[in-house]
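In full-length UniProt numbering, the protein residues as written are 1 to 134.
In case anyone wonders, no lab produced these hints; they're calculated from the structure.
Keeping only pairs whose Cα atoms sit at most 30 Å apart, straight-line, the calculated DSSO-like set for lysine-lysine is:
1) K37 with K99
2) K99 with K17
3) K37 with K17
These numbers come from a predicted model, not from an experiment.
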Amino acid sequence: MRAPRPCGVCGEAGAAKYRCPRCAAAYCSVPCCRTHKAPLCSPAGGPWSVEDILREGEEQDRVPLQKLQLLGESEELRGLLLNPHLRQLLLTIDQAEDKGSLMKKYMQEPLFVEFADCCLRIVEPPEKENILPE
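Sequences and hints are given; from them, build the entire structure.
In structure tokens:
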């Protein structure tokens with residue numbers, strides 16, 4: 001876990017828990033957010049980089065590195081990635097401006113759904129405690 005940043009508005013050390021969606025400035029509270037938005041906020045120079053996103057604090061959906069490494073070890077996933085159509089879909093998503101919308105569209109493609117389900121089974125195996133014996 002990394003040390004909290006100081007608030008970019010009031011300067012309180014280690015208090016910044018939030019980030020402005022428009023310019024990525026750090027702030028600690030609603031009053032500081034309102035103060036920031038009034039005169040200071042202008043769009044950041046470009047889109048956020050992967051490093052910016054990875055540097056952020058805890059995220060609910062972040063997958064630990066150990067689980068991500070399991071993806072590279074999966075024979076089932078490797079088999080799916082041999083499909084040139086799937087590889088083209090993944091390249092298209094990677095190069096798209098609006099990745100979220102394109103992924104939503106591709107979730108209608110059975111091949112992409114199979115890929116996504118395979119990835120999820122690897123990083124989030126089903127809980128066995130909820131399965132009743134027959």
